[in-house]
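K.L.:
Listed here are the chains, written in short residue letters.
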Amino acid sequence: MHKDSFLAHLPLLILSFCFSFVVAAQEPDIQKGKALFNANCAACHKLNKRAVGPALAGVSAKYDKEWLYSWIKNSTAMVKAGDAQAVAIFEEYNGSVMTSFPQLSNEDIDNILAYSDYTPPAPAAAAQPAASTTQAEGSFSNDLILGVLVLVLAALVVMLFLVTKTLKQIAAANGIEVVKEKKPKRTPLWKAYAQNPFLVFVTVVFLLLSSAYVGYNYLMQVGIDQGYMPIQPIHYSHKIHAGDNQIECKYCHSSARVSKHSGIPSLNVCMNCHMNIAEYNGEEDLEKGYTKEFYTNEIKKLYKAVGWDENTQSYTGETQPVKWVRIHNLPDFVYFNHAQHVSVAGVDCQKCHGPVEEMEIMYQHSSLTMGWCINCHRETNVNVKDNAYYTKIHEELSKKYGVEKLTAAQMGGLECGKCHY
Amino acid sequence: MPNQKKYWKSEVELNEQSTLVEELAQKEFAQKLPEDLLGTTELPESDTSRRDFLKYMGFSTAAATLAACEGPVNTSIPYVVQPEQIIPGIANYYATTIVDGFDTASVLIKTREGRPIKVENNTDAPVNNIANARVHASVLSLYDSMRVQGPTQSGVDVSWETLEANVGQQLAQLADEKSPVALITPSLASPTTAQIISDFQAKFPNVTHYAYDAVSETAALNAFEQAYGKRALPSYDFSKATCIVSIGADFLGDWQGRGFESGYAKTRVPKGKNGKAKMSKHYQFEANMTLSGANADYRFPTTATEQQFVLAALYGALTNQSFPTPLSAEVKKKVAKIAAELKAAGNGAIVVTGLQNEDAQRAALAMNQVLGSAVIDVQHNTQLRQGNASVMSQLVNDLNAGKIGGVIMAGVNPAYTLPNADAFVAGLKKAKLSVAFSMKNDETAIHSQWVAAAPHYLESWGDVEMKTGHFALTQPTIRPLFDTKQFQDVLLSLSGSTQKYDDAIKAYWSSNILGGTSFNEALHDGYVVTKKSDNLRYSDNVDALVQRLARAKAKAGLELHLYTKTGIGDGQQANNPWLQELPDPITRVTWDNYLTVSKADAESLGLKNINQSDGALDGSIAEITLNGTTVKAPVLIQPGQAKGTVGLALGYGKTAGMKSEMQVGTNAYPLYKNFNPIQTVSVTVADGMHEFACTQLQNTLMGRGEIVRETTLEIFNTKDAKYWNPMTQVSRDHVEVDVTSQEADMWQPFDRSIGHHFNLSIDLNACTGCGACVIACHAENNVPVVGKREIRKSRDMHWLRIDRYYSSEETFEADLEKVDNISGLGESLSTFGKMEDPSANPQVTFQPVMCQHCNHAPCETVCPVAASSHGRQGQNHMAYNRCVGTRYCANNCPYKVRRFNWFLYNKNDEFDYHMNDDLGRMVLNPDVVVRSRGVMEKCSLCIQMTQKTILDAKLEGREIKDGEFQTACSNACGTGALAFGDINDKESEVAHLKEDKRMYHLLESVGTEPNVMYQVKVRNT
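Protein chains in written order, with the numbering used here: chain B, 649 to 1069; chain C, 158 to 1178.
To be clear, the hints were calculated from the coordinates, so they are not data collected in a lab.
Just so you know, even glycine gets a beta-carbon here, dropped at the ideal spot from N, CA and C.
Just to be clear, a hint being listed does not mean it is correct.
[As the list claims (entries may be wrong)] With the Cβ distance kept under 10 Å, some of the chain C side facing chain B (calculated, not the full set):
| # | residue |
| --- | --- |
| 1 | T222 |
| 2 | Q242 |
| 3 | I244 |
| 4 | I247 |
| 5 | N557 |
| 6 | G559 |
| 7 | H913 |
| 8 | G1028 |
| 9 | R1029 |
| 10 | N1033 |
| 11 | N1038 |
| 12 | V1041 |
With these hints in hand, go ahead and build the complete structure from the sequences.
P.N.:
Laid out in structure tokens, this is it:
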């Protein structure tokens, strides 16, 4: 499937390559315009689609060039001055103010407009590579060779049979009796083994021990879902968000700072950014099929769930809450508090959740067993600095234990009732 | 000395021939293993041998284990748009007010992820009426699966538009015909609702509003009107009382809308310098054993007629008049003494009466006037009871005469609560229009044409004037679960207003109450206090009335005293399993009402109580007849019941809109003739025996005495603490040493001085036995309901029980003294006779007992899997996931506070209570695990709450102040009997209580060093 999608997108890739080449060769200001557009305009405008502001393709035909210069340099002033066109557009976009760009020269604006007006030439029909047929041939020939080999071997077996049969017939015809050599009678190995009590004992002990070992290990992994990596209703990539874009974990999982739950972010948090990011333009992983279209499509799923209409840039009010598959499931009888670990102790999220910023698909990194918790409590010193709650107890306890730093265990972090109630 | 007094929990303990108590004391689990454990009673005849059984069991267990290895896929659904104030995992609190026509209280509602899970006291509100057990349990009634889910017409679902259009049209037609329409509501005392109703009446002038109280205070209201010219009830501040005389008024129960226990308890704890400590004195004349009687210093079991005489005599003594009454000379002397004490008490004196007799009520008001009592406050009076018995009786007559065209009912259930309910139903069917705003398809709703689904108070808006000038607001704490509408909204819409009820409240408050202060602030606080006050003048002359009281004649037959129970009240919340399973504070019976009979009357009538070998109680069934109305009820012999009287609780025997498990008891409302709780009845024995689920003889303390310690104020003031609160001594090397001293201890000491060390103090003086803590504990800790059958088998799951001990009035010392003073044969016979009958008028002590969190816990040492262990902070931890159910710990616990999960109580059709449906499970506290079958559980000293306090302090980087640490029970306690805190904080209240000379531990001699302590009860006798 991955390969298929790669092949399907191949013409597009070739096309975009040609496009950039053509641009570079023919219109130098378009190239500059593209750079300026990406730096200044792309946050709110798209070429062919309405975003926060209108689509910019063909905008120079709609408005007078001088008007555009002054609009781009200071739109607010024009609206205030009561320019009819300016007021119209201001109202059409619900009174959102366009940022002023006094730093852009007329020439820059020309470049941007040239870029926005540029329509790439119709794509030349790229020759479809005949890769698929060759590939099919390749697999066909492999099968053929294997088949032929099987046939040859089969023929050899048949031939051997025929030869022995013929030889036996010849011998019979010549009156030669084929006498089987009489072997000295020996106890079979298994019987000898069975008669040796020591060996039997050792084997039984070995078998019992190993089955106990296997059984124990089997049972101990029951209910441990380390590596659990379910398919989510929306393919959300932590790698892109936390890794490539360096978004702080607690920006989305904000309740981890104050509550026992880290919380799955509500969709309005996604929309803080995705109101403006409707398309994916980052790196692709073609092998796995993570193309730009794939990611953009996932963003569309978000829009559908949250009820965002891209065309009108408004919420429709029709929502479909997302049923995420929960990965980290603690049993009901365990109390775990994120805020205590994240805010009070200052533990990194990665300590328990692993390299989330590298995870294309989220999975359970740690075993989440009690032993795993306890080990950490034994090893980790409590972060008592600048926390008035700890001042007195730390002083007294460190005197009692004769240590400078106290582990969570020494603070009482191993008591049953601290986590089980 | 305290341990010379004999305490008993049940009548049967006084019977020396009975071996039952001894047997029970030897058995931890009174029940043998059930024979039908495997669903078959033919186990002995079965072909399956024990070995086969084990094989099958082993195989199927292994198979089930392996099959269960596949983990379930859990989904999490976050908000699409998360409300700003809701953070998953953090509780939000909203101030609101419950007003259901019976209970009124300012409360805080704890909500988690948008759903209310617990009710707490709004202690900031000056009139908060202290949430009782019913108010605490009301959160569960929100999630009642029997609620009406939308409006219906004759049982068919309709839309609100249809209902409003049709009802509006019919109302208009009735208005044209000038046919009267009755609007019946409980006494709401809601100023905005009053406004809405008067607007509604302006549009439909044929509408008459009836305020109807299921349990009426008509006589008190009429008396107050006679005396002060306003139909209302005075408010009382018992914290100012020094001498309380109650004549038939259960003011710690449901008398006059309740809410007095908090003030009362303040005066009941001896305060003052060493040797000069003072506390209030409380005399109680009553027939049934009530909470007030149980807490009184002197209790006189008297019939209603005798109570009238006492009133007359007391009035006479106070006003220096003489009203000849047939009271015995002894009682007369006592009354004269009480009168003298009342006079001496000055404005701290108070006389209250619960007799539904206008003369008696007026006499009580007159006495308070004479005494100049500061306890009674007539200028801040309350309208929370407005019902008028004669008006309601007239309405039923009019209905039957076909004079009423339409009936609109909201929040009332007259087809169940009226004494002549049948006549009401017949009349209701004659009306052209009948609309019932109801949460249930109750007795009234099923006979009404339209059932308008009403919301629970936690989904509603509202306001109330608690007493003059003290206003409170009700606000929704959850979105309506069903398609419900408040009747105020419908009335507004029928009046043609476009306003919603909440807008109407806001508008009314802005113009009439707030006086410029912020509405949002009032909503946040839940209350507002204005300077409004009445200026009522006393003008009444009661001499002639008292004359009438003094000449009252007792009628032939038994006097029936109808009352309301702590759990069920007027019966509104009868479908609430928490309340059904709450043991009655006095009788300790769950899931039932019963006829309380004195021992003497029971013997003469041939009524019996029998304790089965496992401690379960059976009672005869009595037939109670009143003017041709016969009601059958089981009999419970009640120590302290006045001879010649019987008691029966209202609120039971409901059937409509109830789960079948909850349909228990007998409906006593048919006996509530003329809204008078005192009736003269005849009682006969009926066939059969009734099985009670009574926790009375359960969890006995294995015959170990010295659980309750009490003394008198005099001894408390004059003698050394060693005399009345001695430390148990043990002999070591022939030297007596304190049992707590290090020499007598075989355990290694453990230093608990670092960090927190939690202690809970229980003041036996302040505890009135109200049971609010028990329900609060249920709500906080997800305690399951096990049902009547299981309770009868001693398998209750209550983590916190309130033990009730009876004791004979005299100490053993006093007994001896008495015997010495006998002169003559006649006196000796009567005196010995009296002494042999301690149950005629016992003293009562309430003692809440939960896990004592022993520092040297016997349960911990016997657990084979270390499921029970000790925390440094003093709490005895119970790791449910570790427990394998050996029950060794319960066997080894000297306090009998551990509870075993005999069954799976959630998602189990055999236990069809709230935990068996999705709606009911919404009340569960997400911070506490729901225990499974085969696991031991017990009080954790609300470790989830102490941990939450600690975690919050760590998060905010600050120290913890005293008062921040709380448990569910100490939070719920309105009387201050339960105090919780950190004894390592030397300034904390609980650290001081630990040093108090009244402090003692249960069974100190066992050497368990509990972290729960008790304060010796001091009686003002």
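K.L.:
Hint by hint, note whether the structure agrees.
P.N.:
Hints, verified against the model:
At a threshold of 10 Å, the smallest CB-CB gap from T222/C to chain B is about 8 Å, leaving the interface hint in force. Among the interface hints, the one on Q242/C is violated; its C-beta lies about 12 Å from the nearest C-beta in chain B, farther than the 10 Å criterion. With its C-beta approaching chain B no nearer than about 5 Å, I244/C sits inside the 10 Å limit, and its interface hint holds. The interface hint given for I247/C holds, since its Cβ lies 5 Å from the closest Cβ of chain B, which is under the 10 Å cut-off.
Violation of the interface hint for N557/C is found here, the shortest Cβ-Cβ separation to chain B being roughly 53 Å, above the 10 Å cut-off. A distance limit of 10 Å between C-beta atoms decides the matter here; for G559/C the minimum to chain B is near 52 Å, and the interface restraint is violated. With 10 Å as the threshold, the beta carbon of H913/C comes within range of chain B, its nearest partner Cβ sitting at about 9 Å, so the hint holds. A hinted interface residue such as G1028/C counts as satisfied when its beta carbon comes closer than 10 Å to some beta carbon of chain B; here the least separation is about 5 Å, so the hint holds.
A hinted interface residue such as R1029/C counts as satisfied when its beta carbon comes closer than 10 Å to some beta carbon of chain B; here the least separation is about 5 Å, so the hint holds. Residue-level restraint check for N1033/C holds (minimum Cβ-Cβ distance to chain B is 8 Å; threshold 10 Å). This hint holds: N1038/C has a C-beta 4 Å from the nearest C-beta of chain B, less than the 10 Å allowed. Hint on V1041/C is violated. Least Cβ distance to chain B is approximately 14 Å, over the 10 Å limit.
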